[in-house]
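Q: Read top to bottom, the protein sequences are chains A and B. If you're matching positions, the first sequence starts at 17 in this note's numbering and goes up one per residue. If you're matching positions, the second sequence starts at 237 in this note's numbering and goes up one per residue.
If you are wondering where the hints come from, they were derived from the structure by calculation, not from laboratory data.
Below, in silico cross-link-like pairs of lysine to aspartate or glutamate (EDC-like), each with a Cα-Cα straight-line distance of 20 angstroms or less:
(1) A:Lys142 to B:Glu281
(2) B:Lys332 to B:Glu314
(3) B:Lys274 to A:Asp43
(4) A:Lys584 to A:Glu642
(5) A:Lys469 to A:Glu667
(6) A:Lys580 to A:Asp604
(7) B:Lys274 to A:Glu139
(8) B:Lys274 to A:Glu146
(9) A:Lys584 to A:Glu634
(10) B:Lys274 to A:Asp726
(11) B:Lys274 to A:Asp300
(12) B:Lys274 to A:Glu303
Note that this is a predicted model, so its numbers are computed, not measured.
Each chain, written out:
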Amino acid sequence: MPKDGIGESVKRREDQRFLTGAGNYTDDINRPNQTYVYFLRSPSAHGRIRSLDIAAASAAPGVVKIFTGDDMAAAGLGGLPCGWEITSTDGSKMAEPPHPILAQGKVRHVGDPIVAVVAETREQAKDAAEMVAVDIEELSAAVDMSAALQGAPFVHDELESNLCYDWSLGDKDATEAAFAGAARVVSIEIVNNRLVANPMEPRSAIGEYEAATDQHTLYTTSQNPHVIRLLMGAFVLSIPEHKLRVVAPDVGGGFGSKIFHYAEEAFVTWASKQIKRPIKWTSDRSEAFVSDAQGRDHVTKAELALDADAKFLGLRVDTMANMGAYLSTFAPAVPTWLYATLLAGQYQTPAIHARVRAVFTNTVAVDAYRGAGRPEATYLLERIVEQAARETGLSPFEIRRRNFIQKEQFPYPTPVAVEYDIGDYEATLSKVEKMADVAGFPARKAEAAARGKLRGLGLSCYIEACGIAPSALVGALGARAALYEVATVRVNPTGSISVFTGTHSHGQGHETTFAQVVADRLGVPFEQVEIVHGDTDRIPFGMGTYGSRSLAVGGAALAKAVDKVIEKGKKIAAHLMEASAQDVVYEDGAFKVAGTDKSIPFGQVALTAYVPHQYPIEELEPGLEETAFYDPKNFTYPAGSYVCEVEIDPETGAVEICNFCAADDFGNIVNPMIVEGQVHGGLAQGLGQALVENCAYDETGQLVSGSFMDYAMPRADLFPTFKVDTETTACTHNPLGVKGCGEAGAIGSPPALINAALDALSPLGVKHIEMPLAPSRVWAAIAAAKPSEGAAAATMAATPTAAPTSAAEPAKSESKPGLMGRIFGRS
Amino acid sequence: MYNFEYAKPDNLETAKSLMAREGAQALAGGQSLTPTMKQRLAQPELLVDITGLPELKGVARVDGGVRIGGGVRHVEVERSAEVQAAAPALAQLAGKIGDPQVRNRGTLGGSIANNDPSACYPAAVLALDGVVSTSNGRDIAAADFFQGLYETALEEGELVTAVTFKAPMRAAWMKFPQPASRFSLVGVFVAQFADGHRVAVTGASESGVFRHGDLEAALNTGGDLDSVAVSPSGLIADLHGTPEYRANLIRVQAKRGAAAMV
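Pulled out of the complex, with its shape left as it was, chain A reads as follows:
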């Protein structure tokens, strides 16, 4: 292995420019003769636009042109497309109302753009926007999902309903039968709170049109420039790919919110041609709160059926998922195929049925946010399993062990359509049990009690599905795009290597890890490899970065392209060494004839490829550049166990996280330091959701937490030093054996914290609490609870002990073949 290859904690090469202020973000880019656009947005959650008067504003200083929804309609522009179609249980297609670039007729959420003012400066655009007279007839707003499903007001009048779809997954009859035969049924009703993504860099976009060549360029803060080119070019503006370049330069975080195609991008691209000048838009933070897609927002009722030995027999789930006012790009997929498919978790639950109703409300659109569906599934499952532990009097560790899928059962088809390829759940659970010193917890609890604090320990065992996914499968599930990844490895004449990846790095460190993968596989120095991403004119194609897919799918494409380079190199080397290509092997950066001392270094083969004086020119083209498309065979299934310890001040309700331990299985690891960083970030985000973050609307649809004055972001001082470690079962179906690590922390940590809080509070009779654990909410829960007859059981559950692993019989797989299994022809 060369220095800085796979498995080395190489320092992130991109950090030099980020930390010295030398990054090149969209707002850093300025084009000659550039103008600025300001979007006048709706102050009302729901209303009818009676009139719009832009006359005075159009005459304001510096104004270039003002556009309204009527201009968009007159130009015949499409609305923003949705990239995933869900089919309801009754066979009907989801409701897919139009999503205009600028509001037409109605405004449907606070922040809905109404008028675009283009001016010489940003301030002039804002000044002029204040002169636009908008008369909006206020309508009552649909905010609460239950109420929205009951009837009017309708977000989209033509639907005469606020239901987007009513979908289900799993065998309903088998699940009913499981409940009929259950010794115990545990039930729970929970809310997964809405979140604002809040990447450090707000969104920004610059549209530029070159009349001489009829070329459009969009610079934008995107996680997936090719997807934007496809969606915007094909569905909104009718610009073919060869006339549209999308550049996503350095991007300061996305967390999912920069996957989607947004109105502002389409506007600047289109309008720059109308005014024949570049147009820049940069969101400020207040605008981001009402225009970036938000995350989560589920309300769920669930029941778990258990037999007399606390083995899970069935799980029944009924979820309402908030879509907001319009369907964002991938919104319909999040509470369905990215959610219900994960409801088996790490357990052998044989029968699962989930119903999901997606609901339109007069709020900002909701879409994928770090974890996307999987945190919601994990939170639900790990809360109800904890509840089951409490009600059965088993320790949280024991009840999970009794129900774990055993490592010899893989590949394991679940009753919710997916097939886990590999895992070892006992390994991560045992590891975290030791890391967290679970055995020492009762002593710590007693010590805390002496200080007047309530100490609790919470466990969460998560699974996620990453590296989405076989294109044929997602197509069958309603995706309107494929989900392979693309890489080009260009070996330059002197042996340096330019790598073009269709994934996008906006904090993940791909410029480092991908270079490690290439350096390792080719046996060349790390410094010799450059990673290029984020420009549709430079990269052949790609689907971008989200869902922890970049290494598992993009890295696999990279490995495949490198292997193609090696294969071609063998033919060149064979010619040079006068050997048969079949006899040439590639090792340590050199082509060798097996069993001889003949050897040619990689660089010489690279040079020969471009200077083919001595070359098999009849059989082989010159050059050394290969492109590979990699379509994954399955999702990857990272999994792990997290333990959280809290102390609660019963007088104020303040919650302190005292200890947090994470044991993850991400498969093979390229850069342990970056993985650890990803886990830390994910944990901060997940614990942020569970402890402080809360996107709240009032009953009129006004965003109450519309700034950092009221929307609490997680801060470093809220957390202890995280203890993180890994176990490894290598993914069985991608060339690198990797699974993905970007979302795990955000998926696994919220239930660990809430379970810890409930463990601390259960002696007081508190049985349920919602996220986030605002001190006022904790205090109110304590005040409302009365010490109950359940206290004995709660006390038992409050002192988890390191129970020995139960000798669970590997269950005979009674599961029906999952959808994945059917696609693969497995039974």
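With chain A fixed as given, assemble chain B onto it according to the hints.
A: This is chain B only, laid out in the frame that chain A set:
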């Protein structure tokens, strides 16, 4: 932000004449004003930058207390030997305002002139029986100075030149931060003087900073603060807490403050 004129006088007299102009607004540390202007929620025509006024600078021990110039920044109060000697709880209060950036810019005078209902300083001014000196030559007792949400006894164009705090025998500042803004969700300043206790509360009331007589009485008589009924009436209800929760925090923070006084 709208356009505005800017002036930075170097003496109080010039500042006063500038402040007499129509649409003039004093700019001290700008930690509340600047964000408001950036959001176009304030439109001053003339910003009079008062950070260069020597008359508003300085911290000095005075008989029975400490006098702090209205232009003294939080970081200077936090680190002042005079303040630490006279009222260590006041230095601690300054050190817990906002973040280092805020403390490096924000001033005592700016804070109390703004009288945000969740600001920290008003609780100290009230609990330490402060007297606010102004550019009009007035000395205003704390009880008269704070007059509700963002309302003070200051007249148009009048600047806070200094605040004189009485040195307590013992005192404590108990800040329970609002999770998002980290302003005081409830902040309680407890101070003990020879003639009794003073308990001032910020962040909690719809009418701004106030003293809690029942808690003071209980402390003066050595009573159990847990038995004091703190009424939720008139307390703030928002995303971060009900009036009942704030009432509880007032009692708990006062109790803890009394135990923590130094």
